[in-house]
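Let chain F serve as the given structure and place chain S on it in line with the hints.
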Amino acid sequence: MFADYTTSELMSIFAMQGFSGLILFSVFVLMALGLAIIFGQMGVINMAHGEFMILGAYVTYLTSNVFSEYMPALFGGYFFVAMILAFIAAGALGMLVEWAMIRHLYHRPLDTLLATWGLSLILQQLYRTIFGAREVGVTLPDWLMGSVQITDIIEVPINGIFVMTLAVGISVLIAALMYRSRWGIQVRSVVQNRPMAGAVGINTARVDRLTFGLGCGIAGVAGSAFTMIGSTGPTSGQLYIVDTFLVVVFGGAASLLGTIASAFTISQAQSTMEFFLSGSMAKVLTLLFVVFILMLRPQGLFSLKVRR
Amino acid sequence: MGTLDNAPLVDLGGRLPSLMKGLAAAVAGVTLAFSAAVSAAPATSEVNTTDLAVTDDTVTVGILHSVTGTMAISETGSVQAEKLAIEQINAMGGVLGRQIEYVQEDGASDWPTFAEKSRKLLLQDKVASVFGCWTSASRKAVLPVFEQYNGMLYYPTFYEGLEQSPNVIYTGQEATQQILAGIDWVVKEKGAKTFYLLGSDYIWPRTSNKIARKHIEKLGLKVVGEDYYPLGHTQFNSVINKFKLKKPDVIFASVVGGSNVAFYKQLNAAGIDMTKEKPLVLTISVTEDEILGIGGENIVGAYASMKYFQSLTNSNNVEFVKAFKKRWGDDIVIGDVTQAAYLGPWLWKAAVEKAGSFDVDKVRAASPDIELTTAPEGYVKVHPNHHLWSKTRIGNAKLDGQYEIVYETDELIEPNPFPEGYQ
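Residue numbers (this note's numbering), protein chains in the order written: chain F, 1 to 308; chain S, 309 to 731.
Since the hints were made in silico from the structure, they are not lab data.
Errors might be hidden in some of the hints.
[Said to hold, decoys possible] Below, computed lysine to any residue pairings styled on SDA-like, alpha-carbon distance capped at 25 Å:
#1 S:K554 x F:V156
#2 S:K530 x F:F276
#3 S:K584 x F:D152
#4 S:K522 x F:F276
#5 S:K555 x S:K706
#6 S:K552 x S:K584
#7 S:K584 x F:P141
Quick caveat: nothing in here was measured; it's all calculated off a predicted structure.
Here chain F stands alone, though its shape is the one from the complex (with noise of 0.2 Å):
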C-alpha cells in the first residue's frame, strides 16, 4: 500500500500520525483524569462525569458570548477566564452532588452506578431545558484556529498543541496535590482506612467533598477544552463516557501512572489501527485488544501492591 508514495512523503505522513496519536492521548488523559480520582481514589462510578464535562462546555460557551458582547477587546483571552469559571462551575456543582446524593453511598459503591446514571439524565434535561436541544457552536478566538506548518506536508493543529500542554499541566498539577501535598495525603488515607483516617483526626467528609469536587472541576476544565474539537450539546458528554471508563480501568483505577499509561497504549494503537483499517474496524480491534489485556490482568495495567 506503500508503494505509491515517496520515502519523504511517508515519513511525513508517520511524523503526522505519531501526532495525531498524541493529541489523542491528551485527550484522553484529559477525560480520564477526572475520573481516576473519582473512580480511581474514591471507588464511585461516576457516569454522570460527561455531563460535568458539558457543563465546563456550556460554561465556556457563555463566557465567549459574555466577552464577545461587552468586551470584545478581550476576546483573544476569553478561553483562560472560561477554563477557570468551567472548573469553579463543574466543582461547585460536583461538591453540591457529593452533599446531597454521593455521601449516602459510600458503603454502597454499584449503587452509586444507578445514582449517578440517574444524576446524568437529570443534567441532560436540564440542560436541554436551559440551552434548547439544538448544539450550540462556540467561536473560538482566532489564535486558536489554523495549524503550524512544519514542512510541506506535516502541519499541526494549533489546537491539538493547546490540548497536549494542558494535559501535561494538570497531570502534573494533580500529581503534586496527590503525592506531594499533605491533602493528597489525607485522601490516600481515607480511601485506603475510612474509620482509621477518621480516628487520626482528618475530617474524613470535607476531604470526600473536595475530591469528587476536585475531581469534577477537572471534568469541567476539559469538558471546556474539548469545544474546540467537539460538539457541545445536551447529550454531547455521552460520546465520552465510555472512552473514559474504559482508559481508567484498562489503567488499573487506583493509579495515576496507570491511568496515563493506559491512555497512551489506547490512544496509540487505536491511532495506528485507524490509519490501516477503516474507523470502526480499528475501534473493535482496540475494544478486543483491551478486553484480552484485561482477561489476563484483572487490576488493569498498573495497581497497588498492598496487603488485603
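Showing chain S alone in chain F's frame:
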C-alpha cells in the same frame, strides 16, 4: 406479518366499529341539518367511513418526533415546521371545512417507544394521519404498526431509499436524488477525478456511499478511499492524515450528529482550507441546522447537496422563512429536513381534498400526482412510488452559517428508491 397476528384484532375490529358507526350515524343525522345550514363542509359520515377522529368541525392528526434524547437536536425543527403548517392551514379554513387538531407524542430517541406511540396514535387517538419520525431506525420501527393498522405516515428525512410502503409518503429525498446530481456537478464544474468517501457507520452513509461509488466508477473516475467511523466518534485526525496522503479531489462526507462537529472543527484546525477547494468537501449531511453546532467559520467553503436551502429566493420561500421566524424566533435557521417536514401537512391536505375524504385508503389512492406549487423548495409532485419529484441543489457554505446556492438541476429529478445497477 402473517394473518395469524391479525386474527384477534379483526375480531375486535368487527364488533367495535359497528357500534361506533351506529352512534356516529345517529349523531351525524341530528347534526346534519344544522351543519348544512352553517357551512358547506361535507357531512362527517361521508368523509369518514373508517372511524377516524373526525368531527363536524375538527380532524385530529398526530405528530411523532423525539423532543428528548439524542435525536431532539435534529427533530426539533421538524416539529416546528409541522406545527406551523397546521396553523397556517387552519387559518385558511382547515381541511374539508374542519380545523386540524394535533396530538403530539415524544419518541424519546428510542425506537421501541416510537412503535408504541404510533400504536397509541392510531388505535387510541384514531388520528387521520401522522407526521413524524426522523431516523431510518425509527421509521423501520413504526412501519409494521402503520401497515397493520392502516395509518398514513408523512416522513420528512432524506434517507437511503430501498423502501416503498403504501402507508408512508416520503417527503425527503431518497439517496439517488441527493447524490447523483451532486457528483455530476463536481465532476463537470470542478473537474474532480478522485474521491474519498467518509461516513458514520450505519445504513444511510453506507448505502449512500455505495451509490456514490457505483456512480463515480460508471463515470470512469476513481474512489481512492472509503472510511466509516462509529456514531459519536470524536477524533478524526487519522482520516485527515489519509486525506493528506491520498490527496483526493473531493471528500464526500456523510458524517452525522456530534461527530459532524468534531470532524469539521478538526479538518479546519488541520490546515485544510475548504475555500481553496483542494480538496473540495461535498457533504450530504450538513444542513443549516448542523452548522449552528459546527460554527460557520469551521465549514466555510464546503459544498452541500440538498433539495432545499434557507437562502432560496423564490417568493414561496421568502414567505415561508418570514412566517417561520415570526412563529419560532428570529435567530432560528431552517434546514433541508425542516422544509420537507413542512410539506407533510400540505400534501396531506391536498390529498384529502382531492379524495373528498379522510379515509386512509382514499387519501392513498389520491396521493400520486398531487402537486404543490406553494412549496418553499419550489414545485413538488408526488410520484406513484410515494416519493417526491424534486430538484437537487448545490450550496456553498458561508461564514454566517447559510448556504449560497451555486447550482440547481433544470428538471425535477425522478425519485427512484430501488435504483437499478446501484445495488
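To see whether the hints hold, each was checked on the structure:
no., hint, in the structure
1, S:K554 x F:V156, "holds (18 Å)"
2, S:K530 x F:F276, "holds (20 Å)"
3, S:K584 x F:D152, "holds (16 Å)"
4, S:K522 x F:F276, "holds (24 Å)"
5, S:K555 x S:K706, "holds (24 Å)"
6, S:K552 x S:K584, "holds (14 Å)"
7, S:K584 x F:P141, "holds (22 Å)"
In this structure, none of the earlier numbered hints is contradicted; all agree with it.
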